[in-house]
Amino acid sequence: MSTKQINPSNLLNTDSLAELDSWIAKYPEGRQMSAVMAGLRIAQDQNGGWISDELIEAVAVYLDMEPIEAYEVATFYSMYERSPVGRHKISICTNISCMLRGSDEVVSHLENRLGIKLGETTEDGRYTLKEVECLGACVNAPMMQVGRSYHENLTPELLDSIIETIESGGSL
Amino acid sequence: MINIEINGQALEVPEGTMLLEAADNAAISIPRFCYHSKLSLAASCRMCLVEVEKMGKPLPACATPVGEGMVVHTRSPKAISAQRAVMEFLLINHPLDCPICDQGGECELQDVAVGFGNDTSEYAEEKRVVVDPDLGSLISTDMNRCIQCTRCVRFGQEIAGQMELGAPGRGEHMHIATYLRGSVSSELSGNVIDLCPVGALTSKPFRFHARSWELTHHDGVSLHDGLGTNLRLDVRRDELMRVVPRENESINECWISDRDRYSYRALKHADRLTQPQIKRNGEWQTVGWDDALTFAAESLQKIAKQHGAEQLGALAGGESTNEEYYLLQKFMRGVGSSNIDYRLKQNDFSDSVSDPSFPSLGQTIAELEKSDSVLLIGSDLRSEMPLIAHRLRKAVRHGRAKISSIASVDVDLHMKSSEQIVVAPGQIANALAAVAKSLTALGATAPAEYASVIDAVETNQQSEAIAKELKEGSATTVMVGAMAYAASDFAQIRQLAAAIAEMSDSKLALLDPAGNAVGATMAGAVSHRGVAGQEIEKAGMDWRAMMASGLKGLILLNTEPELDSADSATALKGLENSGFVVALSAFDSEQMRQSADVMLPIATTFESAGSAVNLEGTWQRFSAAVNPPGEARPAWKILRVMGNLFDINGFEYLSVDDVYTELQTACENIEYRPLSVAKVDSASTTATLQRIVAPSLYHNSGMVRRSDALQATESAAAAHKLRLNSATATKLGVVDEGEVTLSQGALSRNIKMELDESVTDGSFVLAAGTSESMGFGVDGQFEIGKV
Ligand code: SF4
Ligand code: FES
Ligand code: FES
Numbered sequence: 001m002s003t004k005q006i007n008p009s010n011l012l013n014t015d016s017l018a019e020l021d022s023w024i025a026k027y028p029e030g031r032q033m034s035a036v037m038a039g040l041r042i043a044q045d046q047n048g049g050w051i052s053d054e055l056i057e058a059v060a061v062y063l064d065m066e067p068i069e070a071y072e073v074a075t076f077y078s079m080y081e082r083s084p085v086g087r088h089k090i091s092i093c094t095n096i097s098c099m100l101r102g103s104d105e106v107v108s109h110l111e112n113r114l115g116i117k118l119g120e121t122t123e124d125g126r127y128t129l130k131e132v133e134c135l136g137a138c139v140n141a142p143m144m145q146v147g148r149s150y151h152e153n154l155t156p157e158l159l160d161s162i163i164e165t166i167e168s169g170g171s172l
Numbered sequence: 173m174i175n176i177e178i179n180g181q182a183l184e185v186p187e188g189t190m191l192l193e194a195a196d197n198a199a200i201s202i203p204r205f206c207y208h209s210k211l212s213l214a215a216s217c218r219m220c221l222v223e224v225e226k227m228g229k230p231l232p233a234c235a236t237p238v239g240e241g242m243v244v245h246t247r248s249p250k251a252i253s254a255q256r257a258v259m260e261f262l263l264i265n266h267p268l269d270c271p272i273c274d275q276g277g278e279c280e281l282q283d284v285a286v287g288f289g290n291d292t293s294e295y296a297e298e299k300r301v302v303v304d305p306d307l308g309s310l311i312s313t314d315m316n317r318c319i320q321c322t323r324c325v326r327f328g329q330e331i332a333g334q335m336e337l338g339a340p341g342r343g344e345h346m347h348i349a350t351y352l353r354g355s356v357s358s359e360l361s362g363n364v365i366d367l368c369p370v371g372a373l374t375s376k377p378f379r380f381h382a383r384s385w386e387l388t389h390h391d392g393v394s395l396h397d398g399l400g401t402n403l404r405l406d407v408r409r410d411e412l413m414r415v416v417p418r419e420n421e422s423i424n425e426c427w428i429s430d431r432d433r434y435s436y437r438a439l440k441h442a443d444r445l446t447q448p449q450i451k452r453n454g455e456w457q458t459v460g461w462d463d464a465l466t467f468a469a470e471s472l473q474k475i476a477k478q479h480g481a482e483q484l485g486a487l488a489g490g491e492s493t494n495e496e497y498y499l500l501q502k503f504m505r506g507v508g509s510s511n512i513d514y515r516l517k518q519n520d521f522s523d524s525v526s527d528p529s530f531p532s533l534g535q536t537i538a539e540l541e542k543s544d545s546v547l548l549i550g551s552d553l554r555s556e557m558p559l560i561a562h563r564l565r566k567a568v569r570h571g572r573a574k575i576s577s578i579a580s581v582d583v584d585l586h587m588k589s590s591e592q593i594v595v596a597p598g599q600i601a602n603a604l605a606a607v608a609k610s611l612t613a614l615g616a617t618a619p620a621e622y623a624s625v626i627d628a629v630e631t632n633q634q635s636e637a638i639a640k641e642l643k644e645g646s647a648t649t650v651m652v653g654a655m656a657y658a659a660s661d662f663a664q665i666r667q668l669a670a671a672i673a674e675m676s677d678s679k680l681a682l683l684d685p686a687g688n689a690v691g692a693t694m695a696g697a698v699s700h701r702g703v704a705g706q707e708i709e710k711a712g713m714d715w716r717a718m719m720a721s722g723l724k725g726l727i728l729l730n731t732e733p734e735l736d737s738a739d740s741a742t743a744l745k746g747l748e749n750s751g752f753v754v755a756l757s758a759f760d761s762e763q764m765r766q767s768a769d770v771m772l773p774i775a776t777t778f779e780s781a782g783s784a785v786n787l788e789g790t791w792q793r794f795s796a797a798v799n800p801p802g803e804a805r806p807a808w809k810i811l812r813v814m815g816n817l818f819d820i821n822g823f824e825y826l827s828v829d830d831v832y833t834e835l836q837t838a839c840e841n842i843e844y845r846p847l848s849v850a851k852v853d854s855a856s857t858t859a860t861l862q863r864i865v866a867p868s869l870y871h872n873s874g875m876v877r878r879s880d881a882l883q884a885t886e887s888a889a890a891a892h893k894l895r896l897n898s899a900t901a902t903k904l905g906v907v908d909e910g911e912v913t914l915s916q917g918a919l920s921r922n923i924k925m926e927l928d929e930s931v932t933d934g935s936f937v938l939a940a941g942t943s944e945s946m947g948f949g950v951d952g953q954f955e956i957g958k959v
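Same order as they appear, the protein sequences are chains E and G.
Quick note: the first sequence, position 91, residue 91 per our numbering, numbers continuous.
Offset between the second sequence (1-based) and our numbering: plus 172.
By construction, these hints were calculated from the structure, which means they are not laboratory data.
We put the CB at the ideal spot given by N, CA and C, even for glycine.
Since no wrong hints were added, every one of them can be taken at face value.
Example chain E residues on the side facing chain G (calculated, C-beta under 10 Å, incomplete):
1) E66
2) E69
3) Y77
4) S78
Here are the simulated lysine-lysine pairs, DSS-like style, with alpha carbons at most 25 Å apart:
5) K851(G) with K710(G)
6) K130(E) with K299(G)
7) K542(G) with K643(G)
8) K89(E) with K130(E)
9) K588(G) with K210(G)
10) K26(E) with K588(G)
My request is simple: use the sequences and hints to build the entire structure.
Here it is in structure tokens:
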């Protein structure tokens, strides 16, 4: 018995669907499934930074794939969030190069400054701290990603100035 | 051909072969976990690492294609050290709980660890813990044991055609799970138990009941569908503990359906009949065999003498052995009556004269994989013959076959289908005529008998597309399935299907829903044909005619007609109107106690020796794996004694082999005579609300209906509901109801309702074989209203 499927156009807005269509068009016919990563990202952006189970399923249905396949992708990559996150998601790399260059201090500095632990969100919903694997910027380790921007060669001073820029509403 | 050398042995293998396959074929064993010959390559476990000269690092044999001049070592120090290292990694997170693991003794991990594992581990950290998903009543999970080989995941994607299990998460967090809803619903799901190399996925009903080394293996054959799936019956101390597949590449490959795997649970059902019983003055009494048989024989004899032998009839279920069918008809015909029929799942006999000599797939099962195009008519193939559906799925996956369907529901085949025509039950014949007409446009000539019928309809885009696919393909088949068999205009559907097959040069596959239909037909267990499909002087009554006339004496062999037949109304009425009823049955039921006068306990197919013929015409024999319980006896023995009590000649069999030989000899030169053309008038219906009898996977026979494990599945639960689309429900004013009242004539019953958009307008689906559908007919006027 097939379960009742959800209707993607009820969950994804027209802009999202249009963007998803443009991604589907990049792949050969019948390979629409290849757009799954873009699809999940689009759904996440639309939803304020995280992607619900329904949205995962909506993307899957739209791309004519099994929901579990999209779910596998959504749970594999660390850039997809499956529960709400703060407005500013700070992803700190703790992989080998960054670790050797002091990512532990980056973590403890931000934890102290923001009053949350890795994996937590501040009460005001502004910041989320997240530990991630190598983001490919090892040459300038330690590094972190805030929203969409990379910040490298981190020092406590640099970290403070980044937070202050955010606090003052400046762009990174 | 490529020349390679493995462990000093020179081999010549075809290009493209993987090292592991080449080694397997040369009987050189390489350890492996993720590799499976029926699944795509994952090359993820790395257990198959071997040394290839001139290559720096060890290579995974399962995913390394042979190359000219390759020199491979599977047991060199370098290979062994790689294999031992992988083994150590695989065991890091494995709980090593073999003493309480069901897989113990038949575990690939255990076996390979004996060869490649260390006795101690350097790993002192905590092991990971995974939450076990609840996959339903068939499969038990212990996911800490999983080694992430992904065989189970690939099985869903590639074989079952329905990816229910996946591997979400990454690295250490990767685990096997379903998406949100827990259980798996595939009709082939149990195969992941056999595929899983460890004890992560095991059989739930079998859990903690036996150790593999205590079991003796017996060969069995499934009679639940026309495939004749080969089974291995695992027995401990005369108890059937579980059923697993027995490999037979030409029939079931290495798979079995869940129905075949778990039906054995019925053997211990509380309904099991273990003593002969007779009804005296309305009271049931347990008696000895002598008394029961004498009582039965004398009563039947009296009827024959008083009212003539034509007042005796016999109905047989679809899952009996050739020998049982043969002796039943020999007995009946010996007494002087041809009133015998196994075709309870068929409802229209108006073209019986044109029956083929036996139902057939028209080809071998394996040939189906080479199909270019298949047209399914009135068939929910996955529910009828799960492994035939699998063969077609293979044809679609590998050969890009085009599968289309004409039915009253939009059947979900779990494969890409090209055209799906969904029409009201009475309109199937017209849809077929349209395909035939489209074929004439492509140059085919319609049979004269149907020329005017075909000419009268309009073609459409879909009929043209189907016609084109059938006409252009070189390996094409027209299949007629169980929904068509149950329809009241089956004869016309079948005739038009045959016309389409003829016109498009396709094979005609008649998927008779009785499990051993071919055996029954060859054995002569039909009213209008004798043994080996021979014409007989005077045809008897088909089952509907018998039930309609209410015979003075009736024998039931292995059937509960009111549940086995889709037309439960006719069956029930017939039972009520029948005089003296002798039931040879493995199970007892409320209804049987009411309608029968004698109940003779019989052995099931697992408890009795016999043979069966599958839809490709293969004869398969099997012996009893366990003894029947109590006083139950194989039906062939009971029928033999009945023959003796009636003093009928030729009932002096010493063993079932004698019966087999006699039947086999008679059928030796049987020639296949295809369905012939006969003019059948179209049956028009005026009913505004029509019933579609969709086959229910887990209600097709008494044994399947009594398997606790199968009955606890989602598929079984779905059969208890009435399904209709929201448009129809709105029209009837019940769209918001969870339960509706279904009425037909004097019978009305409250049944749970589910909206299902795959059902055609103006119709509803109600499966046969359930307590909900008992007593309802297949056609005529129905009413659905609020409770
Ligand atoms: S559950 Fe079994 S078959 Fe599935 S990935 Fe784990 S070990 Fe492999
Ligand atoms: S290890 Fe941190 S960016 Fe590569
Ligand atoms: S069997 Fe070769 S990598 Fe798993």
